[in-house]
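Number of protein chains: 2
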Amino acid sequence: MPVLVMKFGGTSVATLDRIKRAAKRVGVEVAKGYDVIVIVSAMSGETNKLVGFVGETSPLYDAREYDAVVSSGENVTAGLMALTLQEMDVPARSWQGWQVPVKTTSAHSSARIEEIPTDNIMAKFGEGMKVAVVAGFQGVSPEGRITTLGRGGSDTTAVAFAAAFGAERCDIYTDVDGVYTTDPRVTDKARKLDKIAFEEMLELASLGAKVLQTRSVELAMRYKVRLRVLSSFEEQSDEAGTLVCAEEEIMESNVVAGVAFSRDEAKMTLISVADRPGIAAAIFSPLAEAGVNVDMIVQNISEEGRTDMTFSCPVDQVARAEQAMEAAKAAGDINFHDLVADTNVAKVSIVGIGMRSHAGVAAKMFETLRDEGVNIKVITTSEIKVSVLIDRKYMELAVQSLHDAFGLETAA
Amino acid sequence: MPVLVMKFGGTSVATLDRIKRAAKRVGVEVAKGYDVIVIVSAMSGETNKLVGFVGETSPLYDAREYDAVVSSGENVTAGLMALTLQEMDVPARSWQGWQVPVKTTSAHSSARIEEIPTDNIMAKFGEGMKVAVVAGFQGVSPEGRITTLGRGGSDTTAVAFAAAFGAERCDIYTDVDGVYTTDPRVTDKARKLDKIAFEEMLELASLGAKVLQTRSVELAMRYKVRLRVLSSFEEQSDEAGTLVCAEEEIMESNVVAGVAFSRDEAKMTLISVADRPGIAAAIFSPLAEAGVNVDMIVQNISEEGRTDMTFSCPVDQVARAEQAMEAAKAAGDINFHDLVADTNVAKVSIVGIGMRSHAGVAAKMFETLRDEGVNIKVITTSEIKVSVLIDRKYMELAVQSLHDAFGLETAA
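Sequence lines, in order, name chains A and B. Following my numbering, the numbering of the first sequence begins with 830 at its first residue and continues without gaps. Following my numbering, the numbering of the second sequence begins with 830 at its first residue and continues without gaps.
These are computed hints drawn from the structure, not numbers from a lab. Accuracy of the hints is not assured; some may be wrong.
Intra- or inter-copy, both count: the list cannot distinguish identical chains.
Stated by the list, open to error - No farther apart than 20 angstroms at their CA atoms in a straight line, the calculated lysine to any residue pairs in the SDA-like style are these:
| id | residue 1 | residue 2 |
| --- | --- | --- |
| 1 | K853 | A992 |
| 2 | K932 | Q1146 |
| 3 | K878 | T844 |
| 4 | K849 | E885 |
| 5 | K878 | S935 |
| 6 | K932 | G973 |
| 7 | K878 | L845 |
| 8 | K853 | P888 |
Given only the sequences and the hints, what does the whole structure look like? Please build it.
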């Protein structure tokens, strides 16, 4: 029998009624002849409640105990889902992480899956079981302690199972009906994509389109797991949602797949830095040590041995960045006249694998923004992405005009 | 280091504050030099919530999934208790049933503990850990599925750990401050017992004094585990609560240790049963098959080949008993004129190991009841107990007068 992995997030299993609804979807796939592995999250709110308990008990908690506590919500959903399927006469049973076992590293609260043995579950499929319900987000360390994979980890569990079992597809049921060309709240011209390449999804995921956990997309790309994102709140056909797949599977696509944005950016500029070999390391090492996630970096042309260095980071890390820079200055490691923080910026990006073979995409982006009178503060590019930092007040305008300019309203 | 087992029930860990209070008690014992094993229940209300989820999902549930779901509350408390102890700088970690592992039978929802390996936890004690926090109520079957021990099972977990680790004592922290001569709600003369013998506790437990789960007392008696019942809501000394122990440890005691009672009894009489060899089996086998818990049985003297047979059972099983008797009559297995149910009765019992060496205890009980004008409907006796069935309206009066008659207000 072909294997299908189906993952249901917290809102999709928030109540017993929703679990029933999800179970019906599973029943549909079983009827088609699949052996199904269902990965479940905790009922929404449960994990937050448990995280709150831990935080209140112990501000500097032992991550091993944290994992033991916060993983329990998934166990509840797994058992309830198995019971619901049994009520529908679908042979099912639940597995907790340690029962499979989902073998992970010992990095508690952000463990990585190392191995998922398939013999146990495959044997049950062989005996006529149709659905294995597995508690997502959790695993077991080499020391036999319970681990968790970090927030959104159930997506990663799902993809890892799909890879281990050679599943035909991994369906991620969530509260949105797919991946859009941009956030529909910013423009009503946003269009749901039928397909998107792994690389594009990865850029969109890390750029703030919070549909899928970045790591799950990385994993899917590496193991070529076809990933489908779709809504658990609508009746679904085989064509529903968005398929995240290898670019070979996407026959025809727009040059730009989507416009992503991130509101909570800040731009910081070190004015008149003494320019010398190693200056970048002298600036960015202390920032990294201070836990500042530097994103874009621009260095101006050097004049008379001095230069300006600009970088962006999340707006809530500005204070930390300032502290680190002043400390480095005081220690004599760097020398600058002034540090200017602009906390009213946003990042807008266009993403598309088509850029690789199309020249002039970046130029078209810059022209579009110029025509709208939007000043660009910083630019970075990668093979399939162009990002710009602009004043935050222009963000919606920029997204809308780029969406229009690259014709995203209509499919290729 | 001597080992001490401490068990905290649901009300004792109902909130983070109460967990902290319990952890402080644990800290006191650690300071005395004990290696402590703490057994925790779920935060009160949690298990009921999960049981409700299961019942709503699936009226005829798979007990294996039920166990997987309802055991999760204990895991949360275990982790939180370990974190709380760590915050107090007491080296602690949590264990879930499968991690110890607590090996049980496969009888899901009412599993029995078969073995508790001590090497894992003892090794940690050897490395300087002072407290092992273990999720109560749960274990793992030979098939690797999660099992639970039935309601109140955490008491049994605690006693089993005390037996396995040769603990000096097993302290059961609960919401009452010990075992009383009778229920203080019935007479304010009720007195807390400092010590009570296992056999007496067993009779009291099964008679409705709901302080300890019956099975935990049986286990304690078999393995000679000294069991102390005490309140988690009061400051406690070493002498607090009630010690349940071997009778050799009890130097001096009243002939009668306590007066127990049970309100929810029914008396059923089969009128004019055809008396023949095997008639008792013909009556009580179908009752057992119907799941009726028959308690007291009285057979009248036979006259002209016919007799009356009286038995008692819980009042909510009367309909089931009637059904079983009518079916047996219809099948020709038994023959009786009428079946009379009296659902307004109560059982009152006096319990005491002193009865073994004192004659006239039963007679004194009957005289006391006669003097109060209480009519006795059925009598049964064992070596350390006399029980009577009386009209329910006399129950409080009977308990009070027996408590007075046997001088239970003052210790021996």
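Outcome of the hint check:
With identical chains, the CA atoms of K853 and A992 are never at most 20 angstroms apart, being 24 angstroms at best within one copy and 48 angstroms at best between copies. For the identical chains of this complex, K932 and Q1146 are neighbours neither inside a copy (34 angstroms) nor across copies (50 angstroms), given an alpha-carbon limit of 20 angstroms. Taking the shortest alpha-carbon separations for K878 and T844, both the intra-copy value of 16 angstroms and the inter-copy value of 13 angstroms come in at or below 20 angstroms. Proximity of K849 to E885 under the C-alpha cut-off of 20 angstroms is restricted to the inter-copy arrangement: shortest distance 11 angstroms between copies versus 34 angstroms within a copy.
For the homomeric pair K878 and S935, neither the shortest alpha-carbon distance inside one copy (24 angstroms) nor that between copies (32 angstroms) is at most 20 angstroms. Taking the shortest Cα distances, K932 and G973 sit within 20 angstroms of each other both inside one copy (9 angstroms) and across copies (16 angstroms). For the homomeric pair K878 and L845, the shortest alpha-carbon distances inside one copy (18 angstroms) and between copies (12 angstroms) are both at most 20 angstroms. Proximity of K853 to P888 under the C-alpha cut-off of 20 angstroms is restricted to the inter-copy arrangement: shortest distance 18 angstroms between copies versus 41 angstroms within a copy.
Comparing the model with each numbered hint stated earlier shows that hints 1, 2, 5 do not hold.
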